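With the hints as extra help, turn the sequences into a complete structure.
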Amino acid sequence: MNERQIMTADEVRRAIARVAHEIGERNGGVQNVVLVGIYRRGIPLAKRIATAIQQIEGSTVAIGALDITLYRDDLEIRGASTQIQHTNIPVDITGKIIVLVDDVLYTGRTIRAALDALTDLGRPDRIQLAVLVDRGHRELPIRADFVGKNVPTAASEDVAVRLNEVDGGDDAVMITRGAV
Amino acid sequence: MSDMPIVSPFVPWVPTPNRKRRHVLDLDDFSAAEIIDVLDAATSMKEVLGRSVPQVPILRGRTVVNVFYEESTRTRMSFELAARTLSAATMSMTAKGSSVEKGESLIDTIRTIQALGADIIVIRHGESGAPYLAAQHFKGSIINAGDGRHAHPSQALLDLFTIRERLGELKGLNVTIVGDILHSRVARSNIWGMLRCGMNVTLCAPSTLIGDVRMWQETFPTLKISYDLDAIIPDTDVLMGLRLQKERMQAGLLPALREYSTYFGINQTRIDNLPDHAIVMHPGPMNEGVEIMPEAADSPRSVIEAQVTNGVAVRMALLYRLSGEATA
Numbered sequence: 077m078n079e080r081q082i083m084t085a086d087e088v089r090r091a092i093a094r095v096a097h098e099i100g101e102r103n104g105g106v107q108n109v110v111l112v113g114i115y116r117r118g119i120p121l122a123k124r125i126a127t128a129i130q131q132i133e134g135s136t137v138a139i140g141a142l143d144i145t146l147y148r149d150d151l152e153i154r155g156a157s158t159q160i161q162h163t164n165i166p167v168d169i170t171g172k173i174i175v176l177v178d179d180v181l182y183t184g185r186t187i188r189a190a191l192d193a194l195t196d197l198g199r200p201d202r203i204q205l206a207v208l209v210d211r212g213h214r215e216l217p218i219r220a221d222f223v224g225k226n227v228p229t230a231a232s233e234d235v236a237v238r239l240n241e242v243d244g245g246d247d248a249v250m251i252t253r254g255a256v
Numbered sequence: 005m006s007d008m009p010i011v012s013p014f015v016p017w018v019p020t021p022n023r024k025r026r027h028v029l030d031l032d033d034f035s036a037a038e039i040i041d042v043l044d045a046a047t048s049m050k051e052v053l054g055r056s057v058p059q060v061p062i063l064r065g066r067t068v069v070n071v072f073y074e075e076s077t078r079t080r081m082s083f084e085l086a087a088r089t090l091s092a093a094t095m096s097m098t099a100k101g102s103s104v105e106k107g108e109s110l111i112d113t114i115r116t117i118q119a120l121g122a123d124i125i126v127i128r129h130g131e132s133g134a135p136y137l138a139a140q141h142f143k144g145s146i147i148n149a150g151d152g153r154h155a156h157p158s159q160a161l162l163d164l165f166t167i168r169e170r171l172g173e174l175k176g177l178n179v180t181i182v183g184d185i186l187h188s189r190v191a192r193s194n195i196w197g198m199l200r201c202g203m204n205v206t207l208c209a210p211s212t213l214i215g216d217v218r219m220w221q222e223t224f225p226t227l228k229i230s231y232d233l234d235a236i237i238p239d240t241d242v243l244m245g246l247r248l249q250k251e252r253m254q255a256g257l258l259p260a261l262r263e264y265s266t267y268f269g270i271n272q273t274r275i276d277n278l279p280d281h282a283i284v285m286h287p288g289p290m291n292e293g294v295e296i297m298p299e300a301a302d303s304p305r306s307v308i309e310a311q312v313t314n315g316v317a318v319r320m321a322l323l324y325r326l327s328g329e330a331t332a
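Each protein sequence line maps, in turn, to chains A and B. If you read the first sequence in my numbering, its first letter stands for residue 77, the second for the next number, and so on. If you read the second sequence in my numbering, its first letter stands for residue 5, the second for the next number, and so on.
The hints are simulated quantities; they were obtained by calculation from the structure and are not laboratory data. It is possible that part of the hints are untrue.
[Claimed, not checked] Below, simulated DSBU-like cross-link-like pairs (lysine-lysine); rule was C-alpha separation at most 35 Å, straight line:
hint	chain 1	residue 1	chain 2	residue 2
1	A	Lys123	B	Lys175
2	B	Lys250	B	Lys106
3	B	Lys106	A	Lys123
Keep in mind the model is a prediction, meaning the values are calculated, not measured.
See below:
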């Protein structure tokens, strides 16, 4: 398989720190901010951003976990093979600024599902989106507010984010060329 | 033994390996891993049920039809609520007031429901094996919601879910199922599921309500049978009472209800003799004062109401699991 690295562990760390800064800047602090990670790699990313914000702003941000399985629009295509994960947002999101966190922004369909899921849970003041990698190829009118790295890709390529908490080993972002 | 693929004697079709599950007819073709998968999914479904707007869109456009040839309150409403929470369309048919009264056969009824666009049929029938027959004549998925004395898999799964929720790990727990084992589909499905999950199961009843002891021992070598409830109570983690099924019981199996109640009823004294962590279950409907006393059903040990609530989450998990591709 043809694989090349586009982000090292150090670059991932810097990108997260920058996104943490930007979230504070954009919202004039983080008093009302809740970070919601999308299962699976969005959750450790949200935790890391929260830790970075803690260091920068000196205040704690609430974090939550969101599973979008029950909001997917591709059940007919992909089947019910995905195991449902637990959604756990420990605060009332109504009136809050929600920052959705995911690893890769691609077609935008996951984010569409996440927006529907959040709407069912309450009425946030604002919803923003933070991603580690934006690889383009949107199929819906969705864009990210905070991006770790913009990576132009071909549709035949695959972007794989590896995070220590999920995958073990060093953090990395890889591009693999059409394996099939 | 628990890893051997044992197929129900009713099974007319062969499950294809590596294919996703198509029907839920009993727990005999569920591995421990699949059971745990369903329980995990049900945990997430329970979160949905706890929301202020308990509805998710995943089964929009699917149709779930409840076909009940036998009366039921909780199972039917539970499946309906589960389907609606997942945004499926639901229809209901009971034998009473339908073409069944004009003599329509089960097969014709199933074909009619298929022609109306059903994706999943949830069926309860008084004859053991009826859902297996339905499965042969339906292109979608069948969920057995109770067939005769044979099986009631969704009940067994919700029981396992409730036990796990209260006591944690299933493996190694001692379960005592007490009551009318002979007529109980709930007991049969639970025995399959509980043994697969590594639990120790003891059946307890008067000898006239146990059934064929040799059959039990040959089918489930690890299953224990006892005729003395008081002797096994101190070692019981889960005490499951069964309804004394008066409508099915032929005269002569019991000398008197009161005598049954004295020896096998779940009362306060027996509850007091259970270990401190033990729970008391009952699939309902209860005959209070016969197999379970009101003070036992309402005691802090009782998880009977939790069983009903958890039933919706477990059935959501099953409906989702069966909803891979569209059938139409």
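Item to check | Hint numbers contradicted by this structure | outcome: 3
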